[in-house]
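Residue numbers (our numbering), protein chains in the order written: chain P, 22 to 274; chain U, 577 to 769; chain D, 149 to 633.
I should point out that these hints are in silico values taken from the structure, not numbers from a laboratory. Be careful, since some hints might not be right.
Claimed, not checked - With a cut-off of at most 25 Å between alpha-carbon atoms, the simulated BS3-like pairs for lysine-lysine come out as follows:
1) P:LYS198 / D:LYS497
2) D:LYS420 / P:LYS179
3) D:LYS352 / D:LYS283
4) D:LYS615 / D:LYS369
Claimed, not checked - Chain D is faced by these chain P residues, among others (derived, beta-carbon under 10 Å):
5) GLU181
6) ALA188
7) ILE212
8) GLY236
The beta-carbon is built from N, C-alpha and C at its ideal position, and this holds for glycine as well.
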Amino acid sequence: MVLNEQLHEMNPAIKFLVVVVSMLTLAWFFNPWTPAIFFVGIVLIQLVCSRINWKLWLLMMIPFVITAFGYLWTTILFAAEAGGTVIWSWKHIEVTDEQFARALSLSFRVIAFSSISLLFAFTTRPVNFVMSLMQQFRLSPKLAYGIMVGYQFLPVVKEEFVQIRHAHRLRGVGDEKWWWQRLFGMRRMLIPLLAAAVRKAERAAFAMEARAFTGEPRTEFFKPVTVRFNDWVLTALFLTLLISSSILGVLLT
Amino acid sequence: MLRSWKLKEVVLMSVFSVVFAVVYLLFVHVGNIWSGFIGPIAYEWIFGIWFIVSIICMYIIRKPGAAVYSETITAAIEVMIGNAVGPRLILSGLIQGLGAEAAFAATGYKRFNWWVLVLSGVGAAVFSFAYGFFVSGYSALAPSYLALMFGLRVMSGAVIAGFGGKWVSDGLLATGALRGYAISLDKRKPSVD
Amino acid sequence: MIKLQEKPIPINTSMVMELSNVTFRFPEDDEPILQDVSFTIHQGERVVITGPSGSGKSTLLYLMNRLYPESCDGILSGSITLFGKNQADYLPGEVNARIATVFQDPDSQFCMPTVEEEMAFTLENLNVPRAEMEKRIVEALDTTRLTHLRHTLIQTLSGGMKQRVATACAILMEPEVLLLDEPLSHLDPLTAQEYVGWLDELQKKYGWTVVAVEHRLDAWKDFFNRRLKVISGGFVEQSDSVVAAPILFNKRNTSMVEETVFEALDVSVELKGKTLLHNASIKLRHGEIAVLAGPNGSGKSTLFKAICGILPLSQGRIISRQTLPGYVPQSPEHLFVTQRVEDEVLFSKRAEPRIVGDLMKRLRLDDIHDAHPFAISHGQKRRTAIAAMLVEKRSVLLLDEPTSGQDEAALNELHQLIRTRAEEGLAVLVITHDMEFAASIADTVFLLKEGLLTGEFNAADVWKDEKLLREHSLLPPIGGGLRGT
Numbered sequence: 022m023v024l025n026e027q028l029h030e031m032n033p034a035i036k037f038l039v040v041v042v043s044m045l046t047l048a049w050f051f052n053p054w055t056p057a058i059f060f061v062g063i064v065l066i067q068l069v070c071s072r073i074n075w076k077l078w079l080l081m082m083i084p085f086v087i088t089a090f091g092y093l094w095t096t097i098l099f100a101a102e103a104g105g106t107v108i109w110s111w112k113h114i115e116v117t118d119e120q121f122a123r124a125l126s127l128s129f130r131v132i133a134f135s136s137i138s139l140l141f142a143f144t145t146r147p148v149n150f151v152m153s154l155m156q157q158f159r160l161s162p163k164l165a166y167g168i169m170v171g172y173q174f175l176p177v178v179k180e181e182f183v184q185i186r187h188a189h190r191l192r193g194v195g196d197e198k199w200w201w202q203r204l205f206g207m208r209r210m211l212i213p214l215l216a217a218a219v220r221k222a223e224r225a226a227f228a229m230e231a232r233a234f235t236g237e238p239r240t241e242f243f244k245p246v247t248v249r250f251n252d253w254v255l256t257a258l259f260l261t262l263l264i265s266s267s268i269l270g271v272l273l274t
Numbered sequence: 577m578l579r580s581w582k583l584k585e586v587v588l589m590s591v592f593s594v595v596f597a598v599v600y601l602l603f604v605h606v607g608n609i610w611s612g613f614i615g616p617i618a619y620e621w622i623f624g625i626w627f628i629v630s631i632i633c634m635y636i637i638r639k640p641g642a643a644v645y646s647e648t649i650t651a652a653i654e655v656m657i658g659n660a661v662g663p664r665l666i667l668s669g670l671i672q673g674l675g676a677e678a679a680f681a682a683t684g685y686k687r688f689n690w691w692v693l694v695l696s697g698v699g700a701a702v703f704s705f706a707y708g709f710f711v712s713g714y715s716a717l718a719p720s721y722l723a724l725m726f727g728l729r730v731m732s733g734a735v736i737a738g739f740g741g742k743w744v745s746d747g748l749l750a751t752g753a754l755r756g757y758a759i760s761l762d763k764r765k766p767s768v769d
Numbered sequence: 149m150i151k152l153q154e155k156p157i158p159i160n161t162s163m164v165m166e167l168s169n170v171t172f173r174f175p176e177d178d179e180p181i182l183q184d185v186s187f188t189i190h191q192g193e194r195v196v197i198t199g200p201s202g203s204g205k206s207t208l209l210y211l212m213n214r215l216y217p218e219s220c221d222g223i224l225s226g227s228i229t230l231f232g233k234n235q236a237d238y239l240p241g242e243v244n245a246r247i248a249t250v251f252q253d254p255d256s257q258f259c260m261p262t263v264e265e266e267m268a269f270t271l272e273n274l275n276v277p278r279a280e281m282e283k284r285i286v287e288a289l290d291t292t293r294l295t296h297l298r299h300t301l302i303q304t305l306s307g308g309m310k311q312r313v314a315t316a317c318a319i320l321m322e323p324e325v326l327l328l329d330e331p332l333s334h335l336d337p338l339t340a341q342e343y344v345g346w347l348d349e350l351q352k353k354y355g356w357t358v359v360a361v362e363h364r365l366d367a368w369k370d371f372f373n374r375r376l377k378v379i380s381g382g383f384v385e386q387s388d389s390v391v392a393a394p395i396l397f398n399k400r401n402t403s404m405v406e407e408t409v410f411e412a413l414d415v416s417v418e419l420k421g422k423t424l425l426h427n428a429s430i431k432l433r434h435g436e437i438a439v440l441a442g443p444n445g446s447g448k449s450t451l452f453k454a455i456c457g458i459l460p461l462s463q464g465r466i467i468s469r470q471t472l473p474g475y476v477p478q479s480p481e482h483l484f485v486t487q488r489v490e491d492e493v494l495f496s497k498r499a500e501p502r503i504v505g506d507l508m509k510r511l512r513l514d515d516i517h518d519a520h521p522f523a524i525s526h527g528q529k530r531r532t533a534i535a536a537m538l539v540e541k542r543s544v545l546l547l548d549e550p551t552s553g554q555d556e557a558a559l560n561e562l563h564q565l566i567r568t569r570a571e572e573g574l575a576v577l578v579i580t581h582d583m584e585f586a587a588s589i590a591d592t593v594f595l596l597k598e599g600l601l602t603g604e605f606n607a608a609d610v611w612k613d614e615k616l617l618r619e620h621s622l623l624p625p626i627g628g629g630l631r632g633t
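Construct the complete structure from the given sequences, taking the supplied hints into account.
Structural data, given as structure tokens:
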């Protein structure tokens with residue numbers, strides 16, 4: 022048992038459930054400490070139990086930090102009445118300590134959500150996630166393999182997107198200056214892409230049916246996705262972090 | 577619910593999701609960074625783009641569940657191709673999809689004209705706003721600012737997802753690519769309305 | 149009604165399929181696509197179904213593996229008997245292990261990332277016990293000689309290899325009948341020939357019944373021992389010949405004039421740090437028809453896009469008359485940006501309205517000027533795209549793989565189309581794998597390999613050099629290609 026493999030080996034469906042539960046719980050707290058402690062905890066767990074590219078992680082965090090900043094100042098500027106003492110004022114705008122704490126909380130919440138989302142994204146193989154949803158949460162095979170086949174089309178669609186853009190460049194469209202022109206121009210892009218998608222979807226569905234795929238729940242798996250003891254240990258770890266950050270957050274405020 | 581679905585319809589939703597995921601990724605990427613500086617309201621006016629796939633799929637396939645499934649699948653595929661927002665997208669996709677589905681369910685899946693599509697866009701907007709209110713803590717914002725956000729989102733849902741979805745689907749129908757789907761078969765039958 | 153052709157049927161002659169008086173119609177259509185079709189197929193036979201595009205030959209194939217009528221809600225009359233049982237009496241998926249299918253498009257027949265996972269998907273569909281899966285996967289990989297690809301991502305494989313993997317997945321089901329839906333149409337000639345050889349070997353070993361749909365038999369040589377033809381009206385008849393009849397193109401005298409209209413000098417293209425094209429130089433003359441050929445991925449389309457101004461050059465320069473060459477991609481609809489054929493032609497800001505009427509007439513677009521450009525036939529789409537290019541008075545036309553997937557009638561039409569453009573003074577450069585077509589039309593041949601232009605050859609000489617052609621994944625044209633010279 023290798024410690025830094027644990028998060029990568031965790032059952033994806035259970036991991037998904039942990040993420041969802043954490044987010045829905047954090048949404049109830051408006052103090053800055055809870056999300057902040059949770060964030061630190063998640064980073065610590067990830068440091069110990071995973072082997073991820075931290076450079077890439079930092080890069081992926083940048084947009085979220087910017088979003089968090091956006092939340093911070095809008096929530097300060099357009100805050101709801103919250104009472105408390107005024108700590109800062111400018112012309113007609115008055116900011117109370119309560120309002121500031123809430124704004125801080127919301128932006129930390131963005132960071133906390135992002136950290137747990139990234140934890141999921143960095144340690145989960147997409148295919149295993151879908152297979153696990155099918156095997157643990159009884160997701161219909163029709164949907165599960167429908168999603169898989171769509172995922173396989175990603176490079177093909179990307180390539181086609183490039184081809185169409187190239188062809189459109191020759192017709193002198195696609196490099197419009199204004200956003201509204203681009204929004205309307207999207208239909209020109211979309212229609213050939215979607216028309217090709219319809220053809221591909223039908224071919225792929227036929228190929229699957231020709232290999233005796235019926236969409237019925239299956240009984241045999243070549244590589245079953247299992248739920249092991251360690252999954253419960255990790256789940257307990259996450260829940261402990263969630264509960265303790267909730268309690269600590271309330272106590273510290 | 578999925579039993580009456582043909583596999584090619586499920587795969588169609590999935591491949592459409594990929595197309596939209598690619599378009600979102602490669603086309604609208606500029607919006608993202610911007611929003612950080614302007615705050616949550618930056619998203620509102622283009623929010624409808626995220627509902628469009630459910631309306632297009634429902635308009636084409638015309639089976640119960642088309643809106644919920646397609647929106648959720650789109651979210652799942654975005655997660656699979658590495659959207660960093662990750663699993664929370666699946667939840668919001670599901671809720672938006674339910675909002676879009678509500679309008680079609682209310683009309684008994686019998687009408688697919690422009691106002692049902694617009695209503696569906698509004699439904700998705702309302703559901704997603706309620707969800708955002710909870711998860712993103714909108715309650716900390718001033719009511720007037722919230723009203724502005726809500727209004728923009730509903731408008732965007734109605735215009736971009738409702739009218740836009742119809743506009744794109746009708747354009748696609750004209751290409752003859754949708755042979756074999758409910759939208760083309762219904763066209764052959766005398767209209768219900 | 150059925151008489152045996154040429155080769156005797158090997159092994160035994162038990163009947164695997166019987167169609168009697170089958171008529172089939174799609175729910176959207178008023179006319180049936182197949183009418184009163186009756187034939188039987190016996191075990192071990194190698195049958196090919198031919199017919200022009202859109203004639204219903206694929207439909208016929210899909211009726212044989214039970215994809216139709218169910219998945220399209222089609223209307224079927226008559227009876228289809230599979231292994232002595234009416235097709236309607238099978239459960240969904242039940243017959244598909246015994247009748248396996250390989251499809252045309254290598255890019256849309258897989259749903260899992262790796263070869264192993266794809267094979268596991270297939271076995272899971274059949275509810276094969278897990279203990280047995282490993283054994284069957286190893287065996288199937290071994291017989292198809294694909295063991296080294298077991299953990300490879302399917303997306304990274306070439307088209308030819310993808311088709312082999314699809315075939316291996318079919319074999320994995322231990323079928324009795326193998327259905328093939330134009331499996332070669334996306335492969336280059338040499339790859340196609342190799343696939344046929346590989347399949348021939350496997351069929352001899354396992355004795356499957358093979359039924360293939362194909363519009364051109366060239367690459368199959370004498371693989372088949374019986375041929376059914378779908379003819380107009382959706383009727384099916386037995387054909388006497390099972391080998392390819394060479395397409396007879398009209399004789400062409402060169403329209404080339406010694407006057408350079410276009411020159412690319414030392415052109416290189418770099419994309420994301422990779423050099424896709426190294427120092428290519430191309431010269432085209434007034435009225436010249438040239439062919440550009442080479443293996444898939446050798447940079448042919450890159451060269452086209454570079455010289456018509458889509459891709460930036462990292463080096464070199466282009467000398468052209470008023471405008472750069474016009475380019476028609478393999479999917480002409482990628483160029484389309486409007487809802488009407490005529491609008492499409494008039495779309496360009498540089499269009500000269502004076503010549504539009506004449507141009508549309510010459511390209512036979514006047515009848516369909518009001519149609520939706522996506523809803524017309526492939527040939528019409530291409531003519532629309534060409535018109536949209538020529539309306540800007542271009543002196544060079546680039547056609548990217550116009551022959552791919554085309555039947556005989558379409559190829560003849562294309563031949564005529566290109567010839568006429570050249571006679572009007574246009575220089576035409578065509579990418580194609582079809583050496584019969586190339587031999588019948590080209591003045592000059594450019595060969596490209598791994599981003600390097602091997603050279604410019606006189607068309608009449610290049611067909612004799614089998615070694616040179618093979619190095620570029622090409623095969624010499626059947627019949628020497630000397631027609632028309």
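Status of the hints after comparison with the structure:
no.	hint	result
1	P:LYS198 / D:LYS497	holds (17 Å)
2	D:LYS420 / P:LYS179	holds (16 Å)
3	D:LYS352 / D:LYS283	holds (22 Å)
4	D:LYS615 / D:LYS369	holds (20 Å)
5	GLU181	holds (8 Å)
6	ALA188	holds (4 Å)
7	ILE212	holds (7 Å)
8	GLY236	holds (8 Å)
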